[in-house]
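Got chain A; can you put chain B on it based on the hints?
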Amino acid sequence: MPEPGKFRRQEGREPVEFFRNVNVDWLGKKWYFLGFSLIFSTAGLISMAMHWNKIGSPVPLGVDFRGGTQVQVQFQNAPNTNQIRQATEAAGIKDASIRSYGSSGTNEMLISLPEQQDESSLDAGRARIVDALQAHYNNPFTVRNVQVVGPTVGKQLEKQATLATLYSLLGMLIYLWFRFQLIYGVAAVVACFHDTLITVGFFALTNQEISLTVIAAILTLVGYSMNDTIVVFDRIRENLRLSRREPLPDLVNRSINQTLSRTVLTSGLTFLTVLSLYVYGGPVLRGFSFALVVGILIGTYSSIAIAAPMLVAYQEWRAKSGKTVVLPAAKRSKV
Amino acid sequence: MKKNLKNKIALIVAVLLIFVYGIFGLPSGFSGKALMDSLTKRIHLGLDLRGGVHLILQVVVSEAVNAETDNSVARIQQDLQTAKLTYSQVYKPDPARPDVIKVEGTDPTKSSAVRSALDAKYSNEYDVSGGSDTAFTVTMKPNIVKALNDKTVQQAIETIRDRVDTLGVSEPVIQQYGLGDNQILVELPGISDLDRVKALIQDTSRLEIHEVVGGPYPDDQAALASVGGVLPGDQQIVHGSGVMAAGSGADSAFVLKRVSVVAGSDFRSADPGTNQNTGQRIVRFTLTNEAGDKFWAYTSANVGRSMAVVLGGRVREVANIKSAIRDTGEIEGSFSQEEVEALSKMLRTGALPASLNYLEDRTVGASLGADSIKQGVTAAIVGILLVMVFMLIYYRGSGVNADLALILNLVILLGFMGFSGATLTLPGIAGVILTIGMGVDSNVLIFERIREEMRAGKVASAAVDQGFAHAWGTILDTHVTTIVSAAILFLFGSGPVKGFAVTLTFGLLANLFTAVFVSRVIFDAHVNKLKSGEAVSI
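Taken in order, these protein sequences are the chains called A and B.
Numbering of the first sequence is given in the numbering used here, commencing with residue 67 and proceeding in unit increments.
Numbering of the second sequence is given in the numbering used here, commencing with residue 671 and proceeding in unit increments.
Just chain A, same shape as in the assembly (with noise of 0.2 Å):
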């Protein structure tokens, strides 16, 4: 049997392999994750009330779901937002909101006007906009994006975003609970509500908005955080199995340390890519890619200071209460 720790090298190199002995006591650092975890979560928070007083929603939402006109208009020399502001004034444009877009060279400008509540006079907003800026603004533009949406078609998306999050939780939590016992899909659910919380306090926190694809965002990465807390409850399941007189803590922490290679190879790959997305994608995709960024970074790391350490808090509680209670290996596990 050769020795444990070496495998036979076909050209007498090592291979590239981070984490081969790993043995990190995960659970006894829980306190500074929760710590951690409640920094950014109140921080979050804090910011999303900071929203809600100064613009009636927790953090700064596109125009799908706020509503009104948006145009996105590129010009030919440096925009001036002052003298934009003036000659949408003059044109008896009242409360548009000018900011710039996309990256400083481009010369791109977001000319915003809120919710028009009659329908019939819905696109009016966009000929006045342009309109204003031909006559008082004296620098060539074109026009390069449109986005209107009136009072109807805003609620039916919101209630679009509503739905899917709702069933996808909803999926999430059926699944778990065929594929694990409840407390497990308790700790999932959990670990994925804390990453969407966290995510969400960053675009508050970032002053960014929130539109369709970015919920489209935040659901994949919580299926995606889902998966990353399952691999490490597999491999608890499987040693559970394998070894039944092992104190929980020490069990889980092998866990999570034989677990480790894969949990962070796999997410710092995807994270890659997403990073790519993120850096060469463009300004439209920015607030999608900005939700996996941030979100697969969270996933990762919920799996490992969530959801395993509230399984162990689980069964000490059980434990206390007079209970004695092995976490059930349950029926398959193959991994």
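Please keep in mind that the hints were generated in silico from the structure rather than gathered at the bench.
Any given hint might turn out to be false.
What the hints assert, rightly or not - With the C-beta cut set under 7 Å, the calculated list includes, among others, these residues of chain A facing chain B:
| hint | residue |
| --- | --- |
| 1 | V88 |
| 2 | N143 |
| 3 | T147 |
| 4 | R210 |
| 5 | V215 |
| 6 | T279 |
| 7 | L338 |
Claimed, not checked - Under the rule of at most 30 Å between Cα atoms (straight-line distance), these lysine-lysine pairs were calculated in the DSSO-like manner:
| hint | chain 1 | residue 1 | chain 2 | residue 2 |
| --- | --- | --- | --- | --- |
| 8 | B | K711 | B | K772 |
| 9 | A | K221 | B | K772 |
| 10 | B | K868 | A | K221 |
Stated by the list, open to error - Covered stretches of chain B (in silico footprint by chain A; criterion: 3 or more residues with CB under 8 Å from a CB of chain A, positions within the stretch not fixed):
| hint | stretch |
| --- | --- |
| 11 | 717-728 |
| 12 | 945-954 |
| 13 | 1103-1116 |
| 14 | 1150-1162 |
Every residue, glycine too, gets a C-beta built ideally from N, C-alpha and C.
Only chain B this time, still in chain A's reference frame:
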């Protein structure tokens, strides 16, 4: 064992060829340009990549109901008169309830006769109820209202489609949208002039011909004075448009009968022409047969009177009925050539049965679309390269395995898109990138397990066996959960988000094949070549 392997390799090559065909079709040549052309023909680009107009319109169905009940009002009046039953008025009391008609001032002694007269003709579509002995309420039945609404929306869709056809857009999308809210989705790729599209679609050129009671009057007051100060329920004041032959201005008012003699949908064709006598530009029109009968009956009975051509709610032309007209007529006015052609086109493609409100309008300029494609493809290439290089460094020989599987994955994914005609959107490109990241995860799972098994001392082939066997469960799990997520996004998402769900799903399905079957075949081929005792390069 070896023969089995050869079959499997043949299968993989066949799959590769099939999906390459899916991407390119049968390319006309093999130069870069020819391949690009075939590619763009097969893969549909969404509006956010191609540029174009996306509109959601709502059909104001109450207008159609109004038109229908207006007709019924006229018929009720006629029926009551024929039956010699007196009444003071038949009208619609509430503008917000176009489905309700009131008959008032009937003779209390004849109320049952009135009731039966109404029931006889209208009980199919209306509910008749007696509020008192001298008044009756006739309400359109709810299911009839709904049928009328649906028919109106369908008609609007046909008409919009006809009009949009004249723009020459390739692959326009015009369909009912949303659930039961009378909404229509219109997507026109490649069009950037939104104003032109709207002018074409939305012009509710309800062309109608109404009987003239009096006019032209210089303004509203004079018109009102002519009817004794109070406008009877069956008449309305309509203004002239600025371009009338008679030279009346836009303020001039006419008193017209409310119910039209013929209306937009009665027109069968309309063409520009010239008046033989005056040389002026005219629109020559023909009516449908039934409308022709109606028109004949009306004009025969009203020779010498005037009728007004009302277009878009304004009087375009007043003509004297010189003789009875059956179904061919002319509209004269000081038209320019464009106006004559536009008017003819509008009449030809039928009138919109009701006006349209815009609920949503998104226009992506072509330049933004091109930029998005460039950025998306750049991000994809960078992402793919990063992943491929990492796999080579970390897993050496097996990294080549993973990279080959990755490339095949992409080919299958794009091939799926080509075969299914699914639309590629910008989030769809993001989905491709995400698929790469998640797909290569499967390889990592398998390879890590193989490394573990080899560390525990197993032979190469056994290690590979165990690696695949143990990882399969987790791979299936993660793929199924993500695909279910994507399915929900597909159901509830809008166009661009649907594109993301589609590429993610196709990519993960393809990955189940490439990461497991194809990788395994490559490993088996490699293991067969190893000398005994040699380790897998991983």
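(message) How does the stretch 1103-1116 of chain B fare against chain A when you require at least three residues with a CB closer than 8 Å, holds or violated?
(response) Since three or more residues must qualify, the claim that chain A covers the stretch 1103-1116 of chain B holds, with 9 doing so at under 8 Å.
(message) For the restraint on V215(A), tell me whether the closest CB of chain B is nearer than 7 Å.
(response) holds (5 Å)
(message) Less than 7 Å between beta-carbons is the criterion; does R210(A) satisfy it with respect to chain B?
(response) holds (4 Å)
(message) Using a Cβ cutoff of 8 Å, are there at least 3 residues of the stretch 945-954 of chain B near chain A, or does the coverage claim fail?
(response) n = 0 at 8 Å, threshold three: violated.
(request) Below or equal to 30 Å on CA atoms is what counts here, so check K868(B) against K221(A). (result) holds (24 Å)
(request) Using Cβ atoms only, decide whether T279(A) comes closer than 7 Å to chain B, and label the hint accordingly. (result) Holds: closest Cβ of chain B sits about 5 Å from T279(A), inside 7 Å.
(request) Tell me if V88(A) is really an interface residue toward chain B, meaning its C-beta lies closer than 7 Å to one of theirs. (result) violated (13 Å)
(message) How does the stretch 717-728 of chain B fare against chain A when you require at least three residues with a CB closer than 8 Å, holds or violated?
(response) holds (count 3)
(message) Next item in the hint list is T147(A). Is there a CB on chain B closer than 7 Å to its CB?
(response) violated (21 Å)
(message) Restraint: L338(A) near chain B, CB-CB cut 7 Å. Satisfied or not?
(response) With a minimum Cβ separation of about 5 Å from chain B (threshold 7 Å), the hint on L338(A) holds.
(message) Just to be careful: measuring from the Cβ of N143(A) to every Cβ in chain B, is the smallest value less than 7 Å?
(response) violated (17 Å)
(request) Please count how many residues of the stretch 1150-1162 of chain B have a CB within 8 Å of a CB from chain A and say whether that reaches 3. (result) holds (count 9)
Violated hints, in rising order: 1, 2, 3, 8, 9, 12; the structure is consistent with all others.
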